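Asks: Residues per chain, in single letters:
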Amino acid sequence: MRQIAQFLKEYDGTPLRLMEVCGTHTAAIAQTGLRSLLSPRITLVSGPGCPVCVTVTSYIDRLVELSMEQTVVTFGDMLRVPGSRMSLNDARAVGGYVQMVYSPMDALRLAMEQKAERFVFAAVGFETTAPIYAMLLEHMRREGITNLSLLTSLKTMPPVIDWICANQNHGIDGFLAPGHVSVVTGSDYFIPLSEKYKLPFVVAGFDGPQLLAAVYTLVQRQGQSGVVNLYQSAVTPDGNRQAQQMVQKYFEPCAAAWRGIGMVANSGLMLRPEYEAYDAGSGGLEQDNGGNKGCCCAQVLTGRLQPEQCPLFGSACTPSTPQGACMVSQEGSCFHHFNSRK
Amino acid sequence: MKITMAHGSGGTATSELIDTVFAKAFHNPVLARMEDAAVVPGAGRLAVTTDSFVVSPLLFPGGDIGRLAVCGTVNDLLMSGAQPQYLTCGFILEEGASLEELEKIVHSMAETAREAGVMIVAGDTKVIEGQGGIYINTAGVGFVPEGRNFGAVNCSVGDAVLVSGQLGDHHAAIMSARMGIENQIVSDCAPLGDMVNVLLASGVQVKAMRDVTRGGLATILHEFAEASGNSIELEEQRIPVSAAVQGFCGVLGLDPLYMGNEGKMVAVVDGTDAEKALECMRNAKYGANAAIIGQVCRRQESAVFMNTAIGGSRIISELFGEGLPRIC
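Heads up: the protein sequence lines correspond to chains A and B, in order. Quick note on the numbering used here: the first sequence kicks off at 1100 and runs consecutively. Quick note on the numbering used here: the second sequence kicks off at 102 and runs consecutively.
Some clues are possibly wrong.
[Claimed, not checked] Calculated pairs, DMTMM-like style, for lysine to aspartate or glutamate (alpha carbon to alpha carbon, straight line, at most 25 angstroms):
hint	chain 1	residue 1	chain 2	residue 2
1	A	Lys1297	A	Asp1287
2	A	Lys1392	A	Asp1189
3	B	Lys103	A	Glu1212
4	A	Lys1392	A	Glu1164
5	B	Lys103	B	Glu195
6	A	Lys1214	B	Glu230
7	A	Lys1214	A	Glu1242
8	B	Lys205	B	Glu117
9	B	Lys227	B	Glu204
10	A	Lys1108	A	Asp1272
11	B	Lys386	B	Glu216
12	A	Lys1108	B	Glu402
13	A	Lys1214	A	Glu1373
14	A	Lys1108	B	Glu336
15	A	Lys1214	B	Glu196
16	B	Lys125	B	Asp225
17	B	Lys103	B	Glu201
18	A	Lys1108	B	Glu337
[Unchecked claim] Covered stretches of chain A (in silico footprint by chain B; criterion: 3 or more residues with CB under 8 angstroms from a CB of chain B, positions within the stretch not fixed):
hint	segment
19	1128-1135
20	1302-1315
21	1413-1426
[Claimed, not checked] Per label pair, the in silico range of CB-to-CB distance:
hint	chain 1	residue 1	chain 2	residue 2	range
22	B	Gly231	A	Val1193	15 to 25 angstroms
23	A	Asp1287	B	Gly351	23 to 33 angstroms
24	A	Ala1415	B	Ser257	35 to 45 angstroms
25	A	Gln1213	B	Gly259	58 to 68 angstroms
26	A	Met1211	B	Lys103	20 to 30 angstroms
27	B	Met102	A	Met1211	24 to 34 angstroms
28	A	Gln1321	B	Ser303	54 to 64 angstroms
29	B	Ala302	A	Arg1140	50 to 60 angstroms
If you're looking for bench data, these hints aren't it; they were derived computationally from the structure. On a predicted model such as this, the values are computed, not experimentally measured, just so you know. Just so you know, even glycine gets a beta-carbon here, dropped at the ideal spot from N, CA and C.
Please put together the full structure from these sequences, using the hints given.
Replies: What follows is the structure, given as structure tokens:
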């Protein structure tokens, strides 16, 4: 490991920009101090890998609206994300019903305990979380639950990575593939993209040695296609078939709106028509009207700007006064850059 | 039996509650006088503090709100160098609270007070409408012996930073209980009198002490760095965290550096006394996993930073917002 660290510190080849597309990697890179070990010629940029960060304002607005009529059940990260008028936290202060939970299954429990109340779960996430929502639906159907529905904002990785790479000036030299997503999808999931754009992909876990090895591998394989799996303890080439089948049972691909990016074809998952009864009106939530005009979440999410280059960073926008989702989430790149600023 | 609004009326039901629950458990000559205020002997410098406890669930692995209410206030007094002597307690009970649960909590308070060597000498009870919740406020008084003067401002270059045990236990235990997760994590909620006494009696030059509660280790070290105008350098590999808490944090995206304990302290001691202080902590009750985790150094670009296990350097920021779990 020492030799790898030395190589990366002394690297003086072509300047490289490597992108991670998983919020947990964003957090782990900050926690391990990985950037301090790299040559100035290796730059790590964060892609659209934090589910909260890529959620458009109309989705938040819809949740706010729903909270006035029924109880919105959500993960904690969503509470402070600004909508076009207010966040869910603000909604709570003006009489909205919002309940924070740690697992979608808590929503099931709430719905079963309080049969006279109506609940809606803010089902946000990527390939990793989608199987859990499928499980939730499976339980809801089995138990005959009718007072719980889902407002979905589910997204899939390859189409948005494709969107980034299709821009000729993307300047990305390799991808740290999302670890948790790969557990479900398998590492082969990224082969078509790797071949299409002749870029290396590395699947890695989240500890320091794995991250060092991943960066080393990407540097070594610059300019080459291929997917290398360093996270074999959890990721197989095919992934978790059972989870994939569950997702297919309940969801189908759709176009999806990404904060800062816009509509990306086939990059979302929506409930299949036969399960429409469980949908709280997820279709058509495409508008994205960030409150503060200066917010550069869009450029940050696509790796075109580092958080520090946003004019609001650290002044108008801090974790206490977030203007964009990237400063709210524990996985947001602005949040981590703010915490690591000198 | 359930708590009713009558128990807060000030009438016979209130007296009954006081006599059969509180006075019985906290019995001592000062409290037995049942006056409006406790008059206690004492001289010299007084330390006074108060804290309110609103934890849910009321009973959790490793403790309960009663033990917490005593430990929290006692530990605050100890960190100022005081010998804790007297506590008051105020109960706010919501209609529908279980009397059985209240009795358990009160007994636990009494037992913890005995362990900590303090007397609960005054109290108050209010009953309000609600859903059976129980809230406790405690205030504490202690005497500070002559010559003791601890404070963050005393931290100087070369001093060693010690922590008395594994981080995050209380926080993780409460979160697990709320989430219905069964694991081995138990709250560390404990009074730290024995540890402080052993440390101070040993002659170790203690500069500053804090108990690690809400905001976690990171918040305390920032206070030390800011007050003294120095920086604090930590070694990631020396920071004690149990495997269970580490795993729990990994799943939920939490950082033990920002999590609360209720029976752990940080001490900054003169660098030459580091090993001696470590031995004292390890030999004291609740200090088996104590460790030297870093040192005070000249002011750098960042107030608190950590040398990571892979040889990197990480800036430890202050805590922003709540430690909310992430979602993927």
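Asks: Does each hint fit the structure? Answer for all of them.
Replies: Against the structure, the hints come out as follows:
no., hint, verdict
1, Lys1297/A - Asp1287/A, "holds (15 angstroms)"
2, Lys1392/A - Asp1189/A, "holds (20 angstroms)"
3, Lys103/B - Glu1212/A, "holds (22 angstroms)"
4, Lys1392/A - Glu1164/A, "holds (23 angstroms)"
5, Lys103/B - Glu195/B, "holds (10 angstroms)"
6, Lys1214/A - Glu230/B, "holds (24 angstroms)"
7, Lys1214/A - Glu1242/A, "holds (12 angstroms)"
8, Lys205/B - Glu117/B, "holds (17 angstroms)"
9, Lys227/B - Glu204/B, "holds (16 angstroms)"
10, Lys1108/A - Asp1272/A, "holds (18 angstroms)"
11, Lys386/B - Glu216/B, "holds (11 angstroms)"
12, Lys1108/A - Glu402/B, "holds (21 angstroms)"
13, Lys1214/A - Glu1373/A, "holds (23 angstroms)"
14, Lys1108/A - Glu336/B, "holds (21 angstroms)"
15, Lys1214/A - Glu196/B, "holds (24 angstroms)"
16, Lys125/B - Asp225/B, "holds (15 angstroms)"
17, Lys103/B - Glu201/B, "holds (8 angstroms)"
18, Lys1108/A - Glu337/B, "holds (20 angstroms)"
19, 1128-1135, "holds (count 7)"
20, 1302-1315, "holds (count 5)"
21, 1413-1426, "holds (count 3)"
22, Gly231/B - Val1193/A: 15 to 25 angstroms, "holds (22 angstroms)"
23, Asp1287/A - Gly351/B: 23 to 33 angstroms, "holds (26 angstroms)"
24, Ala1415/A - Ser257/B: 35 to 45 angstroms, "holds (38 angstroms)"
25, Gln1213/A - Gly259/B: 58 to 68 angstroms, "holds (59 angstroms)"
26, Met1211/A - Lys103/B: 20 to 30 angstroms, "holds (25 angstroms)"
27, Met102/B - Met1211/A: 24 to 34 angstroms, "holds (29 angstroms)"
28, Gln1321/A - Ser303/B: 54 to 64 angstroms, "holds (58 angstroms)"
29, Ala302/B - Arg1140/A: 50 to 60 angstroms, "holds (56 angstroms)"
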